[in-house]
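Residue numbers (the working numbering), protein chains in the order written: chain A, 1 to 181; chain B, 1 to 533; chain C, 1 to 379.
Since the hints were made in silico from the structure, they are not lab data. Computed from a prediction, not measured in an experiment: that's the story for all the values here. Where hints are given, some of them may not hold.
To be verified - Beta-carbon label-pair distances, calculated as ranges:
{"hint": "1", "chain 1": "C", "residue 1": "T80", "chain 2": "B", "residue 2": "T427", "range": "29 to 37 Å"}
{"hint": "2", "chain 1": "C", "residue 1": "L58", "chain 2": "B", "residue 2": "Q68", "range": "43 to 51 Å"}
{"hint": "3", "chain 1": "B", "residue 1": "T427", "chain 2": "A", "residue 2": "F16", "range": "45 to 53 Å"}
{"hint": "4", "chain 1": "C", "residue 1": "D43", "chain 2": "B", "residue 2": "I301", "range": "27 to 35 Å"}
{"hint": "5", "chain 1": "C", "residue 1": "H246", "chain 2": "B", "residue 2": "Y319", "range": "34 to 42 Å"}
{"hint": "6", "chain 1": "B", "residue 1": "T526", "chain 2": "C", "residue 2": "T80", "range": "46 to 54 Å"}
{"hint": "7", "chain 1": "C", "residue 1": "P105", "chain 2": "B", "residue 2": "Q68", "range": "39 to 47 Å"}
{"hint": "8", "chain 1": "A", "residue 1": "E6", "chain 2": "B", "residue 2": "T526", "range": "16 to 24 Å"}
{"hint": "9", "chain 1": "A", "residue 1": "L35", "chain 2": "C", "residue 2": "Q313", "range": "48 to 56 Å"}
{"hint": "10", "chain 1": "A", "residue 1": "E6", "chain 2": "B", "residue 2": "I301", "range": "27 to 35 Å"}
{"hint": "11", "chain 1": "B", "residue 1": "Q65", "chain 2": "C", "residue 2": "Q313", "range": "24 to 32 Å"}
{"hint": "12", "chain 1": "C", "residue 1": "S117", "chain 2": "B", "residue 2": "Y319", "range": "57 to 65 Å"}
{"hint": "13", "chain 1": "C", "residue 1": "H246", "chain 2": "A", "residue 2": "L35", "range": "34 to 42 Å"}
All C-beta atoms, glycine included, are put in the ideal place defined by N, C-alpha and C.
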Amino acid sequence: MSGKTEASKTIRQLIFVVVGMFGFGFAMVPLYDVLCDVTGFNGKTAGKYTAKEVQDVREDRLVTIQFLASNNANMPWEFRPKVRTMKVHPGKLNTVEFYARNITGETMVAQAVPSVTPFHAAEFLHKTECFCFEQQQLEAREDLDMPLRFIIDSQIPEAVKTVTLSYTLYDVTEQIGLATN
Amino acid sequence: MSAVIEEHHHDGHHHGPDKGIMRWVFTTNHKDIGTLYLWFSFLMFLTGGVLALGIRTELFQPGLQIIQPEIFNQLTTMHGLIMVFGAVMPAFVGLANWLIPMMIGAPDMALPRMNNYSFWILPFAFGMLLSTFFMEGGAPNYGWTFYAPLSTDYAPPSVTFFIFAVHMMGISSIMGSINVVVTILNMRAPGMTLMKMPLFVWTWFITAYLLIAVMPVLAGVVTMMLMDIHFGTAFFNAGGGGDPVLFQHVFWFFGHPEVYIMILPAFGVVSAIIPTFARKRLFGYDSMVYATASIAFLSFIVWAHHMFTVGIPLAGELYFMYATMLIAVPTGVKVFNWVATMWQGAMTFETPMLFAIAFVILFTIGGLSGLMLAIVPADFQYHDTYFVVAHFHYVLVPGSVFSIMAAVYYWIPKWTGNMYDETLGKTHFWLSFIGVNVTFFPQHFIGLAGMPRRIPDYALQFADWNMVSSCGAFLFGFSQLLFLFIVIKCIRGGKKATDQVWEGAHGLEWTIPSPAPYHTFTTPPTSMKEAHG
Amino acid sequence: MNRVMQMWQAGLSLLLCSNVALADWSALNMRQGVTEISQRVYDLHMLIFYICCAIGVLVFGVMIISMLMHRKSLGVTPATFHEDTRVEVAWTVIPIIILLVMAVPATSTLRDMYESSDSDLDIEVRGYQWKWQYTYLNEDPAEEIQFMSALKTPRNEIQNLEAKGEHYLLDVDNPLVIPINKRVRFLVTSQDTIHSFWVPDFAVKRDAIPGFIHESWAVVEEPGVYRGQCAELCGKDHGFMPIVVHAVEQADYDLWIAEKQAEAKEVFNTVGKTWSKDELMVKGEEVYLQHCAACHQPNGQGIPPAFPSLVGQGIAVGPMSGHIDILLNGQAGTAMQAFGQQLNPAEIAAVITYERNAWGNDMNDMVQPKEINTMMASE
């Protein structure tokens, strides 16, 4: 009879592993986000930056920052950066504007998704204010200048000369509708 | 198929098999269930094979002839899914059912009722999967790796059925694996210590753990897809804060162990067959066990080598490259051990041995191309080309599939009590061997020359070798009908097999009569010295 | 009959070991390419290949000797050894050393591929189902060149109605043009699903992932035409979205840029003029075949349900305003893209007019590029 209880013990342990691994699949979602935040993996940028101390401005260095803006499929808005590139001193706070216009006849909500290349630059780009932190709602044919304020960390490796920051605009009107219903 | 021997079963319920169809529906007998699994997997093998021949027919010449691109993508996707989940995996489960209790001296699997359920889920899962061909929008067309967002935002409506089918297969696999682990841990005959178990049992033991660990992750990833598609979440949609690359990480966390799930039991089969026909003990049994365990462990930490071109930071690429290269070491140990087993043996070359030797050679070729694929800079050129197709078909067809065929030829005399027709068996081997190589060897070339995978039509410079490849595929495909004939012929009769069957065979399964009685080892065997070769 | 003959001939050449393919060994191997990196990748590939061949010869050699000498039919007695620690340690350690030999050049090549110094030219590469869009980034956005690049191979060649051209499936309407000996950075992303930008001659393969930007670079050393394909399954026409790159001398590149900029101005002018219906229909058919036929099919019948038919039903026979709206803004939740940012107003007007009057859709109306333009501006 001890064989029977041994068996049910093994079964219990294995089922525990199965449930645990199913959970682990889902746990990979936040784990992955943490990994991305720490390493800039996949060019993801961190959220709002709150400076702990004012950084020294590296007057001796200039880093080129390049802005890209594009729409995901089915997103009809006009969306572009006001300037294509800026040369900035690491440590200094900069402001740039992106222009968005809802060309359709309906109110729409958009979410901008940032991405940075090269990867190892992502952790050195700090955004103190960004239109990507919240969803943007535009009435029919309304337009908007959207600000982005950022600091390039003064610790950014010397090898990095150009940082490309891209925003992709997603239409999230339906998802919002779904959430409020 | 096996002769009925009236024998009193220990729980007193069964006196041999029931009659008619109900025997198979309600059976809890490990031999019956093993038989069901094997026949089911053969049916799926033919189904997946027909899809493959559809693919190869379209690729016979440049231009679109009979299959339009949207159908072509359904064929490649379903071919992959059916072969992986329907043919190879159930075949190994079938072998496990038949052999593990007989190899460890157990009367049956530990959980016979669950064993029945885990088989009977499969026909429904694959019925559902195959029915998608007749649905509006067609079958899954996003590749067997079903990368998001192609499989979420851009999928045909049948994706929901695909997800449920995957869930059912997963449940079946998990139940089957739990059964294997519990059987091995609790049902071994007295004296059958772990390090006395035949390698087939060992490799399945480790495989079962891999399945238990990763099938739930697969279930998780398809559940996330389901939620993204129907419940407004955004796991894989950047617009909602998700990331399509996350899908690939979760998928390959399942997917890489999955490829070892399909090869480890094959190692076990070959490790049983080579010593028998070399008439010499397996070289380095202990190192075989440790190598299997290290391969299983490494399989969890190398998944991103499927994603080198996705865009991973340098440190990540280097880590996954080194870790992947490391797998070559335990795999090499296995190959060297098999060669050393053959060395100075007294070999004969019956059909199982031919398949086993072909396995060692062709699996090694697949392993070496795998090593090439591990080298990241070169992988940028190989990735998603026919070089990859050639690589994984070399490890899966003359790897896993050949080992399954070798196993059937090797153990079928024990299962049926009859010897198969050796001449036909050898003919089947040579046709398959030539067919497989003519099909897949040229794919290395067209891949290196730059042909991407999963395309229904190709540039003219790839035409010659594609034609060769298609001819090989038809040869290989139709040769399998001969296999079917041989198996049926063997079931219906033939030279009577002795209990020992093979002169050099060792192990408990050869100590029982041929055909194996419906109930075996109702009292545990006493002598363990013959446990492994 | 002719086809049958061709197949027989092909079958015959197959029997003769496919002499066509064998005549040129390079067609069976990785391309050496035209960048320093691609050459190094090729060398690396050959190094590993030879090492693998050596291992193969060794292992298979021992197996074959064993199979020839150690057969029962020769009357041999099997040996009884079944373990040897020294041998087992040796064949664990030696492979590790071989792996190290491979890892060293692989690591250094990879590091150099990831090196991120300043580029001379930045091009945004955007994958669409099933074409590429190239944007030449410039300090002044007004001066930027942007165009779509799609398969040029005629459908009749694909459907075997005409003989296949030399660059069958590897030809595009608007190739990417880059200067030689300049560091060109490709910023790769996607509009819809995942694609992969692959030019074998540059050893550049980078997945294009919606919402994310990834980079790769090349310094091309020789002028020439280099062809590649999308390398990641991206839906129905994955096999039909090639990449063609013309690498030219700097002077030729400058000329090309000037030409492209002039072209853009010309498009601007054509939008202003009044088009005749025939002009719109001709232009419309061209645009339709280029951008719409992949899904809605050349005959407008589509492939329901994913790609609805346009014949006698749906938007093409509905109100004009709805038709324009869907073309400009796409249809959320379907494969219908927003073409407002992809096509110019003349192309949009033409294709709408075409769809409303082709295949027996006898709507008998038309829309002028001007109207589309005002609509987009005033909206």
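To see whether the hints hold, each was checked on the structure:
For T80(C) and T427(B), the hinted distance range of 29 to 37 Å is satisfied, since their beta carbons lie about 35 Å from each other. Here the CB-CB span from L58(C) to Q68(B) is close to 47 Å, well matched to the stated 43 to 51 Å. For T427(B) paired with F16(A), a C-beta distance near 50 Å keeps the hint of 45 to 53 Å intact. Between D43(C) and I301(B) the beta carbons are some 29 Å apart, a value that agrees with the proposed interval 27 to 35 Å.
Taken as a hint, the range 34 to 42 Å holds for the pair H246(C) and Y319(B), whose Cβ atoms sit roughly 38 Å apart. At roughly 25 Å, the beta-carbon separation of T526(B) and T80(C) lies outside the given 46 to 54 Å, and the hint is violated. For the pair P105(C) and Q68(B), the beta carbons lie near 44 Å from each other, so the given range of 39 to 47 Å is met. For the pair E6(A) and T526(B), the supplied restraint of 16 to 24 Å holds, since their beta-carbon distance comes to about 22 Å.
For L35(A) and Q313(C), the Cβ-Cβ distance of about 49 Å falls inside the hinted range of 48 to 56 Å, so the restraint holds. Distance hint for E6(A) and I301(B): a CB-CB separation of about 32 Å, consistent with the stated range 27 to 35 Å. Roughly 30 Å separates the CB atoms of Q65(B) and Q313(C), a value that falls within the hinted 24 to 32 Å. Distance hint check: the CB atoms of S117(C) and Y319(B) are about 24 Å apart, inconsistent with the given range 57 to 65 Å.
With their beta carbons about 40 Å apart, H246(C) and L35(A) fall inside the hinted range of 34 to 42 Å.
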